[in-house]
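These protein sequence lines are chains L and C, in that order. Count the first sequence with this note's numbering and you get residues 6 to 223, in order. Count the second sequence with this note's numbering and you get residues 20 to 260, in order.
Everything labelled a hint here was simulated from the structure, so no lab data went into it. Treat each hint with caution, since some may be false.
Stated by the list, open to error - Keeping only pairs whose Cα atoms sit at most 25 Å apart, straight-line, the calculated SDA-like set for lysine to any residue is:
1) Lys37(C) <-> His12(L)
2) Lys160(L) <-> Val149(L)
3) Lys160(L) <-> Pro160(C)
4) Lys37(C) <-> His253(C)
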Amino acid sequence: MSTQMLHAIRTQVMWNRLISVVEEQAQALLRTAFGSVAREAGDLSAGVYDTQGRMLAQAVTGTPGHVNTMAVAVAHFLQRFPLESLTAGDVLVTNDPWMGTGHLFDFVVVTPVFMDQRPVALFASTCHTIDVGGRGFTADAASVFEEGTCIPHLKLVRAGALNEDVLAIIQANSRNPIEARGDILSLVSSNEVGSRRLIEDDARVQTRASGRFGRAHS
Amino acid sequence: MVAFGGAAPLHAGRLAQKLGITRVMVPAGAGVGSAIGFLRAPVAFEVVRSDLSVLLKMDAQEVEDRLQAMHDEALAVVQTASAGAALRVLRLAELRYAGQGHELRVRLPPPTDGPIVRGSLEALVEGFETAYEQIYGLRIPDCDVEVVTWSVTVSTEPQAAQAVALPPSIQHRDAVSTRPVWEPALGEQRPFGLHWRFDLRTREHITGPALVAEDETTIVIPAGWVARLDEQGHLMMEAQA
Chain L
6 MSTQMLHAIR
16 TQVMWNRLIS
26 VVEEQAQALL
36 RTAFGSVARE
46 AGDLSAGVYD
56 TQGRMLAQAV
66 TGTPGHVNTM
76 AVAVAHFLQR
86 FPLESLTAGD
96 VLVTNDPWMG
106 TGHLFDFVVV
116 TPVFMDQRPV
126 ALFASTCHTI
136 DVGGRGFTAD
146 AASVFEEGTC
156 IPHLKLVRAG
166 ALNEDVLAII
176 QANSRNPIEA
186 RGDILSLVSS
196 NEVGSRRLIE
206 DDARVQTRAS
216 GRFGRAHS
Chain C
20 MVAFGGAAPL
30 HAGRLAQKLG
40 ITRVMVPAGA
50 GVGSAIGFLR
60 APVAFEVVRS
70 DLSVLLKMDA
80 QEVEDRLQAM
90 HDEALAVVQT
100 ASAGAALRVL
110 RLAELRYAGQ
120 GHELRVRLPP
130 PTDGPIVRGS
140 LEALVEGFET
150 AYEQIYGLRI
160 PDCDVEVVTW
170 SVTVSTEPQA
180 AQAVALPPSI
190 QHRDAVSTRP
200 VWEPALGEQR
210 PFGLHWRFDL
220 RTREHITGPA
230 LVAEDETTIV
240 IPAGWVARLD
250 EQGHLMMEAQ
260 A
């Protein structure tokens, strides 16, 4: 078998690995979500990004409605929180409709992955929470300010310590506070599952030649 | 490589050649492995009861009584077929954080460890949260843990696998006859030696190209490969260096 052909097979194997990593990320979200919109209707998205915030792969499970907006959402996070300012155990959040995935119901959570103290990739996931206050799920609002509570780009977890204050504000403004809090924590879980798998796969594959994800062509 | 099912033994040799694998095992009864597995599986019966409740608001004695009744019910079924064999009991609770839609199965201690008390329910919550954190990376603070389903399985002990020797061959077995077989690597038909699987004996070997026919499948031994049986009649074929 020619070297070229082996290379093609290896690339396909690696690609399938990456797809299965983000699919597991989405399945973790589906299984841990509290809101029925995410866990029953699958209104969620999951993906992995390079260190410039470009989407590399997205889960098979999910909805095109926000996976496409999420594709550019991570770059917005990085403008607010440059990668150099993040450490292992940090997790970012927003539901800003212009910076995230389109409406206030969608929370986007972003987790950087570190290997040997260096950021190598980011995981992002999003799901539609049941209620974020305002007029609820209706077209009656005359402006975005009536649609619900907006959480700007924030650190939800700082070096492993959960910022309960952010969750308290979201809960205080939601008609379904338990689901709202649970859904956001399930987004954190989802990214954590993806990160673990990526690190495991990297250890297994030991990508020697071209460095790790995101640095191959940068 | 282990080739099982009706079709795999036909293709395994050629697949192994392509992948550079030099040993292929075809178990006895490869074409009816599922049926053999079914017959050798432990005799078991599972009783399942769904009852959505917040775990720490349940009465431990009621849980104990329910699990005992489920155990009795499973035992009555298994004892009709277990012929006095030693039995094991597996008790599980399907748990989740209140508000979620998917559960994790958490094991309870066996009934021989004593009745379910308040502490057992607390241990179950801890078992759930530990498993949850292991799988999903975090715990959800200040959230009730609810039980969706209880399950009790009574079964006989599974048979342990035993290592089997593969004795060296002392004798070559000649083919009964030959049959023309399409050889894809050569793009033409070649005569393959034909053997009947149940004629083969341990300590004999056959050389490829050959076919080993049996009731449920046919094993293709490629040219340059040698096959022999282990002590339980499983066929091992190996590429010759």
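For each hint, the structure was consulted:
About 17 Å separates the Cα atoms of Lys37(C) and His12(L), which keeps this hinted pair within 25 Å; it holds. Restraint check: the Cα-Cα separation between Lys160(L) and Val149(L) comes to about 23 Å, which is no more than 25 Å; the hinted pair holds. Of the pairs offered as hints, the one joining Lys160(L) and Pro160(C) holds, with about 18 Å between alpha carbons and a cut-off of 25 Å not exceeded. Pair hint Lys37(C) plus His253(C) holds up; C-alpha atoms about 23 Å apart against a cutoff of 25 Å.
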